[in-house]
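A.B. asks: Each chain, letter by letter, is given below.
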Amino acid sequence: MDEVTWIEVLPRHREHALRQRVITDSLTLGRAWDNDIVLDDPHVAAHHLRLERDEGGGWTAHDLGSVNGLHVEGERGRRDRVVLAPHLTLQVGHCLVRLHRGDEEVAAEVPLQRRSPWPAALVLVALVVLVALLELWRGETGEPKFIRYVTGALALATLLALWTAAWALVSRLFAGHARFGAHLLVAAAGVLAYSLYDPLCELIAFALSWPRLELYAWAGAWIALAATCFAHLRVVSSKRLRLKAVVVGALATLAIATQALTIADRRADWGQPIVLQRLAPPWLRLAPARAPAAFFDGAATLKARLDAARSEEPAGDDAAAMMMSD
Amino acid sequence: MDRAIRRRLLVPLLCAFQIGIASAQQEPAPRLQPQPQPPTQAAAAATPADAPVSAAAERVYAQVRPSLLQIRTLVAAAGRQSSIGSGFLVGADGLAVTNYHVVSQYALEPKTYRLEFKRPDGGEGALELLAIDIANDLAVVRVDGKDLPHLAFDPRAVDGELPRGERAYAMGNPLDLGFTIVEGTWNGLVERSYNERVHFTGAINPGMSGGPAVDTTGRVVGVNVAKRLDGELVSFLVPARKAAALVEHARSGPPIGIDAVREEIDRQLLEWQAGFYGALVAKGWRSTTFGPYLAPESEAPWFNCWAQTNAEKTPKPRAQIDGSTCSTSSALFVAEDIQSGSAQFSHAYVRSSELNAFQFATFVSQLPIYRSAGTTGAWQRKRLTRPECEERFVAASPTAPALHAIWCARAYRDFADLYDVALTLVTQDRDHEALVSRLVVQGIAYDNALALGRRFLEGVAWTK
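Heads up: the protein sequence lines correspond to chains H and B, in order. The numbering of the first sequence is the UniProt record's numbering, which starts it at 1 and goes up by one. The numbering of the second sequence is the UniProt record's numbering, which starts it at 1 and goes up by one.
Everything labelled a hint here was simulated from the structure, so no lab data went into it. For glycine and all other residues, C-beta sits at the position ideal for the given N, C-alpha and C. Do not take every clue at face value.
[To be verified] Cβ-to-Cβ under 10 Å is the rule here; a few derived chain B residues that face chain H:
#1 C305
#2 K316
#3 A373
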């Protein structure tokens with residue numbers, strides 16, 4: 001018996017693997033205690049299957065007469081006999097059974113992550129809090145109250161911690177490691193990006209006298225959220241990245257489309273015009289100041305649009321109001 | 001449903017008092033401030049003269065009552081009244097005068113509503129609409145009948161004016177309680193009003209709109225039209241002259257077709273706004289100084305101006321605001337949800353030594369005068385289109401600051417060529433000082449609005 005063979009059994013949720021070196025030429029698997037390997041699964045027969053090594057060293061699985069039978073993972077239909085090829089996995093009830101040969105290749109060693117994510121994460125968290133405080137201070141038109149800044153910073157930090165904790169929990173569940181620091185780094189980077197993006201949009205809208213920007217800027221929030229969630233998923237595990245990207249991207253697209261429709265609908269209903277919500281200091285102005293004639297020429301062009309809108313049906317609950325008056 | 005109908009019934013009654021409503025719609029809050037009123041006027045009117053006065057009123061009531069009408073607007077399908085007003089006969093042939101706002105529901109939606117009259121003797125019947133005068137809120141209708149009792153106009157009121165203090169009686173059917181006489185005092189034409197209105201000190205209540213105000217001999221001196229909701233006994237009459245003119249017009253011309261009412265209203269509104277805004281431009285502008293800025297204010301006498309300041313606020317505000325708001329009470333009743341023809345301009349001069357440039361800009365953005373930049377008044381989707389806005393930096397001249405200018409306009413759905421327009425300007429030359437100016441005009445032709453807006457914009461300048 002020069003060959004080294006291992007049997008590996010993964011129970012239903014694959015939470016742990018049973019691995020055992022095989023030293024006989026025959027093994028029985030089932031729920032009964034007289035088996036060589038006992039499978040703790042109600043969908044497995046008392047004596048479910050037998051593995052046998054033939055002359056050439058190959059293994060064959062035989063169904064011993066179970067209700068649920070013997071299946072090969074990834075293939076349809078039950079089988080009475082399966083010749084085990086390398087990388088072939090048997091499905092027995094909800095359990096997976098695999099054999100490994102001693103000469104099988106294993107993945108290369110992954111170097112330990114020496115660099116801790118914590119310093120970068122903490123710097124980013126500090127920046128997030130700083131930007132939020134600056135934003136609060138920028139909008140401070142009343143008497144500044146110190147406690148507002150303290151509670152604001154604490155609330156933000158708490159929110160960030162809760163978000164990170166949720167992702168760490170997901171990580172722990174599915175990948176075994178919480179990786180709190182790495183998740184914190186991702187969350188802080190995401191929040192920082194958005195908290196810089198939002199005021200920047202506001203300032204650009206003012207500087208270019210382009211209030212329509214505010215109409216689309218909210219989409220950036222969804223994109224930032226999607227990118228952050230993708231980064232979190234990558235931290236959880238770097239497998240199936242393409243699938244994750246597609247799912248996150250699709251969800252973000254759905255969210256943006258839904259909100260765009262809602263906004264368009266509400267604008268049709270409420271007719272809120274697009275004007276700049278917030279001014280900025282005059283020195284931030286980039287767009288050239290026009291001559292009054294040019295400005296009023298622009299204003300004059302609105303007339304055609306207004307005249308066209310005259311004949312449109314008024315939207316929303318005006319119809320209901322008219323019904324009531326009848 | 002029951003509640004909806006009841007609400008519906010009350011609203012037109014309240015709307016009858018357009019001046020009160022109009023002042024309630026103004027954006028800043030001049031109404032919150034005590035309005036200087038002549039407090040002694042009411043007392044003078046109420047001076048008891050005992051028996052002779054009462055006898056006079058009894059005589060007037062008996063004389064006028066047969067010529068009174070209650071004018072009811074009914075929902076055609078239900079046959080129930082939707083709003084009520086009053087009117088009075090002015091000819092044996094059945095011609096009668098009332099307010100336009102009493103018949104407005106029928107005039108605008110003749111398929112949905114119909115008009116009926118009720119006479120004090122219980123006679124009832126349908127009414128025919130003959131003529132309207134939007135600017136003076138008048139309508140002439142015809143009652144079927146011959147040799148009907150009717151009232152005459154007081155020549156003193158038609159030709160000129162009665163002396164202030166003259167006793168007058170407002171008559172009508174308030175709140176559907178029955179035909180009533182209200183004693184009051186003639187206080188002459190309202191000063192600084194573009195539309196001629198007589199200030200009548202007496203209680204005019206919902207349902208009396210369109211009824212006559214008569215002198216002690218029972219001749220018509222005016223038509224009950226409105227009252228101020230923020231005062232006591234401050235009521236208004238349309239001068240008899242205007243009513244006499246419209247009756248003359250109705251007698252001489254063909255009756256207005258009910259399908260042509262909208263076009264007629266449109267035509268009258270256009271004509272009115274051309275006159276009003278033409279006069280406004282002709283009166284010229286003066287400059288008022290706000291810190292380093294000059295702000296344009298109209299020289300026209302029919303603006304009512306109020307100043308606002310936040311200097312007395314506690315805790316002490318971190319930016320000082322000094323502002324003024326001037327508005328006309330020239331709003332015209334078109335429908336219960338359309339008021340046209342009012343104009344308003346306001347300025348707010350803001351300065352701060354405590355706020356930094358960003359905080360100051362935020363402070364300015366939070367001012368009501370800036371927050372309302374995108375609106376041109378109450379939002380009536382049924383009556384007005386969605387606003388369209390143009391927003392740019394504008395520099396009028398080297399002697400004027402650069403401005404952040406926002407022009408928003410809406411079109412009246414029912415009337416071609418009429419718009420509501422608001423122009424909001426914020427000076428862009430200093431970090432800690434700014435003048436925010438706003439012009440709002442309702443029911444204006446687009447070209448007039450452009451010209452007025454341009455004049456307003458070019459009126460914002462530096463003092464030196």
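A.B. asks: Each hint: holds or not?
C.D. replies: Now the hints, each set against the structure:
1. C305: 25 Å, violated
2. K316: Hint on B:K316: holds, closest Cβ of chain H at ~9 Å, below 10 Å.
3. A373: 5 Å, holds
Hint compliance for this structure: hint 1 is the single one not met.
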